[in-house]
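Engineer: So the chains spell out like this:
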Amino acid sequence: MDSSIGIQGKDFVILAADGSASQGGFLMYRKDVDKILPMSEKQILATVGSASDREVFSEYIQKNLRLYELENQIHMSTFGLANFIRKELAIALRRAPYQTNLLLGGTDDSEGPALFWIDYLATLQKVKFGAHGYGAFFVLSILDKEWKEDLTEEEALDVLRKCIAEIHTRLALAAPEWTVKVVDSNGIRVVEL
Amino acid sequence: MSRRYDQSTTTFSPEGRLHQVEYAINAINNAGTCVGIMGRDSVILAAEKKQLSILLADPKSSEKMYKIDDHICCVVAGLSSDASLLINEARLTSQRYLYGYQEPMPVESLVQDICDYKQSYTQYGGLRPFGVGFLFAGWDKHNGYQLYQSDPSGNYSGWLAATIGENNPAGKSLLKSDFEENLDTRSCIKLAAKVLSKTMDSTDPSAEKMEFLILSADEETGKVSQRIMPDEELAEILQELQQETATEGDA
Numbered sequence: 030m031d032s033s034i035g036i037q038g039k040d041f042v043i044l045a046a047d048g049s050a051s052q053g054g055f056l057m058y059r060k061d062v063d064k065i066l067p068m069s070e071k072q073i074l075a076t077v078g079s080a081s082d083r084e085v086f087s088e089y090i091q092k093n094l095r096l097y098e099l100e101n102q103i104h105m106s107t108f109g110l111a112n113f114i115r116k117e118l119a120i121a122l123r124r125a126p127y128q129t130n131l132l133l134g135g136t137d138d139s140e141g142p143a144l145f146w147i148d149y150l151a152t153l154q155k156v157k158f159g160a161h162g163y164g165a166f167f168v169l170s171i172l173d174k175e176w177k178e179d180l181t182e183e184e185a186l187d188v189l190r191k192c193i194a195e196i197h198t199r200l201a202l203a204a205p206e207w208t209v210k211v212v213d214s215n216g217i218r219v220v221e222l
Numbered sequence: 053m054s055r056r057y058d059q060s061t062t063t064f065s066p067e068g069r070l071h072q073v074e075y076a077i078n079a080i081n082n083a084g085t086c087v088g089i090m091g092r093d094s095v096i097l098a099a100e101k102k103q104l105s106i107l108l109a110d111p112k113s114s115e116k117m118y119k120i121d122d123h124i125c126c127v128v129a130g131l132s133s134d135a136s137l138l139i140n141e142a143r144l145t146s147q148r149y150l151y152g153y154q155e156p157m158p159v160e161s162l163v164q165d166i167c168d169y170k171q172s173y174t175q176y177g178g179l180r181p182f183g184v185g186f187l188f189a190g191w192d193k194h195n196g197y198q199l200y201q202s203d204p205s206g207n208y209s210g211w212l213a214a215t216i217g218e219n220n221p222a223g224k225s226l227l228k229s230d231f232e233e234n235l236d237t238r239s240c241i242k243l244a245a246k247v248l249s250k251t252m253d254s255t256d257p258s259a260e261k262m263e264f265l266i267l268s269a270d271e272e273t274g275k276v277s278q279r280i281m282p283d284e285e286l287a288e289i290l291q292e293l294q295q296e297t298a299t300e301g302d303a
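Quick mapping for you: the protein sequence lines, in order, are chains A and B. Per my numbering, the very first residue in the first sequence carries number 30; after that it's consecutive. Per my numbering, the very first residue in the second sequence carries number 53; after that it's consecutive.
Isolated chain B (complex conformation) (with noise of 0.2 angstroms):
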């Protein structure tokens, strides 16, 4: 029955639904998976780096993890080219304002202006939406720190923590149960490496295999530092996670 209303992103089903949208929200449910965290003082994103082919080169720029500005960054799941194209048009929107109104553009509004831009494509001009879901991380002097999650509807929310892509129902679960407010970095990496392994399926969960982004701020200066966390650095951290939930169960 959808079949009839499903061709065209412009037309509702009977139900009230619009079956191209939902389509495209399930494209990024078999992307690697993205974890966004938000700490006391640091916004964590993670994803799964998917290893397709041994005979891939090595990337020279992270397939997953963007900056938008000195301030923004996101992670990306999804089909990678559409994002290329969302991104650049957050790029070009946080440069315009700054070029504007000589400050940084506060995080949600580039947020609402990308959902928009998203939005438009669910209802004008018969193309098909964009099949990426971002998580947003940033701060600014408005809000401090911030984490939306965006998908391809042009709906956006708040989180102190999210999952998108694959396996995101576990990841959600997991983070519903262990997540704290106000974490200090080093726990906001750890468990958003938890989750990472629970939504992999991993029994060995390597630093090769994901990619962490740490944002944080100098809430004096508001300065904003973004760091990829190099592997050395994250093994330690798995290594340490492992001792711990090796021994979770015990009295």
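One chain only, chain A, in its complex shape (with noise of 0.2 angstroms):
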């Protein structure tokens, strides 16, 4: 099952994901899948979940907020758009339920970085830093020591390593390869940890 880290910092937002596509719990399809996507200039949502469900329902959230944009002439701020994504995936749970956990990241010009933490059964909760995945079970614990506020980027990027490192420690089928992007004030850009 895959994992996602998110953190929020002093302002910027980083969201990490694993890049397996798996089945079955023994099979690796890839192992460089991104599923981090950008959703707007300065927003980016980290899916994962079932992979056709992961694929579908960010893209169908990247597309609408595209739609949203040109049809208003506005940007959607990152809380407006993690209501938006808890209200498809409610509509969907009595539904055709999307089996996808979310992170949300983003930075409005005043609002300043936001994460937002979105499970499938459309929970949906602001938190200064998140996990959804197996992996969650072993990095929670990590970020409630290490995290505090106004983390600076490098700050940051270190607990992120020490999460990641855990979990190929104490995960049976750890993917070993991450994505790791960051949300500013100046757009989104990829790391390399």
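Everything labelled a hint here was simulated from the structure, so no lab data went into it. Each hint should be verified, as a subset may be incorrect.
Claimed, not checked - Per label pair, the in silico range of CB-to-CB distance:
no.: 1; chain 1: A; residue 1: K92; chain 2: B; residue 2: F231; range: 36 to 44 angstroms
no.: 2; chain 1: B; residue 1: G196; chain 2: A; residue 2: H197; range: 47 to 55 angstroms
no.: 3; chain 1: A; residue 1: Y89; chain 2: B; residue 2: L104; range: 51 to 59 angstroms
no.: 4; chain 1: B; residue 1: S277; chain 2: A; residue 2: L150; range: 36 to 44 angstroms
no.: 5; chain 1: A; residue 1: D138; chain 2: B; residue 2: Y75; range: 43 to 51 angstroms
no.: 6; chain 1: A; residue 1: E221; chain 2: B; residue 2: D122; range: 45 to 53 angstroms
no.: 7; chain 1: A; residue 1: A194; chain 2: B; residue 2: D122; range: 44 to 52 angstroms
no.: 8; chain 1: A; residue 1: V156; chain 2: B; residue 2: D122; range: 26 to 34 angstroms
no.: 9; chain 1: A; residue 1: G54; chain 2: B; residue 2: G196; range: 52 to 60 angstroms
no.: 10; chain 1: A; residue 1: F166; chain 2: B; residue 2: G177; range: 56 to 64 angstroms
no.: 11; chain 1: B; residue 1: H194; chain 2: A; residue 2: K92; range: 20 to 28 angstroms
no.: 12; chain 1: A; residue 1: R190; chain 2: B; residue 2: G196; range: 38 to 46 angstroms
no.: 13; chain 1: B; residue 1: P282; chain 2: A; residue 2: L150; range: 44 to 52 angstroms
Said to hold, decoys possible - Incomplete in silico selection of chain B near chain A, CB under 8 angstroms:
no.: 14; residue: G152
no.: 15; residue: Q154
no.: 16; residue: S161
Only a predicted model underlies this, so the values are computations on that prediction, with no experimental measurement involved. Every residue gets a Cβ at the ideal spot worked out from N, C-alpha and C, and that includes glycine.
Grab the two chains, each in its own frame, and use the hints to assemble them into the complex.
Structural biologist: Written out as structure tokens, the structure is:
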């Protein structure tokens, strides 16, 4: 099962997701999947879970957000986007649920950085750090200990390295490669750990 | 000649006009005048209260001013029953947005939606257009204070100051000469009252014949307040206005 991690820093959000596309708990189709999609210039969405739902749902959100921007000529705030995502999951939940867990990270000019934890049951919570998947069991306690207010990017990446190292140590079928992206006032960047 | 092409909304005339839509726009020109003025820290909506009969019971709510959401309101000129439908639609649209995004709907987006709704009645279904004109006023964090005018065709545009309804050309010319940007709330109210006095063609503009709504926002918190001016407060401002206009020509 694939994992993702999100950390909010002083003026940025970091999202990390493993690169695995797997089946049946033992078969690895690919190990280099990029699961962090840009939603807008300053918002990224890390989606983990069942492979088809992952792609379909994240692209659905991405395209609908783009349509919104074109129709209304304004940017959607990260909070508004998080609630939009939640509503879509909530509507699908009692029909044909999406088996996807998400982390939404973004910065709004006036509001600063924001990280949202969203699960497949349409739970929504704004958080300072969060994780999905089996990795979350190991990683949350590290984040509880290491996270503090106003982390710099270097500090946050250090914490992230610790988290991923722990997953590699303890998770039996851990994906070797991870994608890491940062979103701040300059936009979206890929980071090599 | 145009009589052949004016029976159906969905037929163009040879000159490329939609006569039913134009007739609907004309229906508004008989309605009580409405004024909208954008100030530095508020938007003012004002309307003439037409007294049709002394036998009419006191209305429990305004016939002209409507709240669409906490941050958007409007004033209506035209067929009240048509207006009710559109206001309801606007309220639903605004709440559906709030439900989904958990933040207030951008003002222009709401106006656009209602106008798209009105436009569909000029193109599909063979139904007549809505005989209502609106002045929408609102505040949102994207574009601050906004004032929009929309008409039965489904067209809308943003204004600094606008009038619709009876005698609106007279009102417009007064606004052209007297309007300035960034007026404070009191000055906006006085200007709106001046416009209404002119369009109502009344030598004795009194507070009972007019209605004023003040929309203003606390930009820090994003909280928007809408207030209908009570008669006494309005009377006091009207009196001040009377004195000013009386002495306007003096050296």
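Engineer: A separate judgement is required for each hint: does it hold in the structure or not?
Structural biologist: Against the structure, the hints:
{"no.": "1", "hint": "A:K92 - B:F231: 36 to 44 angstroms", "result": "holds, 43 angstroms"}
{"no.": "2", "hint": "B:G196 - A:H197: 47 to 55 angstroms", "result": "holds, 51 angstroms"}
{"no.": "3", "hint": "A:Y89 - B:L104: 51 to 59 angstroms", "result": "holds, 53 angstroms"}
{"no.": "4", "hint": "B:S277 - A:L150: 36 to 44 angstroms", "result": "holds, 38 angstroms"}
{"no.": "5", "hint": "A:D138 - B:Y75: 43 to 51 angstroms", "result": "holds, 47 angstroms"}
{"no.": "6", "hint": "A:E221 - B:D122: 45 to 53 angstroms", "result": "holds, 47 angstroms"}
{"no.": "7", "hint": "A:A194 - B:D122: 44 to 52 angstroms", "result": "holds, 49 angstroms"}
{"no.": "8", "hint": "A:V156 - B:D122: 26 to 34 angstroms", "result": "holds, 28 angstroms"}
{"no.": "9", "hint": "A:G54 - B:G196: 52 to 60 angstroms", "result": "holds, 55 angstroms"}
{"no.": "10", "hint": "A:F166 - B:G177: 56 to 64 angstroms", "result": "holds, 58 angstroms"}
{"no.": "11", "hint": "B:H194 - A:K92: 20 to 28 angstroms", "result": "holds, 22 angstroms"}
{"no.": "12", "hint": "A:R190 - B:G196: 38 to 46 angstroms", "result": "holds, 44 angstroms"}
{"no.": "13", "hint": "B:P282 - A:L150: 44 to 52 angstroms", "result": "holds, 50 angstroms"}
{"no.": "14", "hint": "G152", "result": "holds, 5 angstroms"}
{"no.": "15", "hint": "Q154", "result": "holds, 4 angstroms"}
{"no.": "16", "hint": "S161", "result": "holds, 5 angstroms"}
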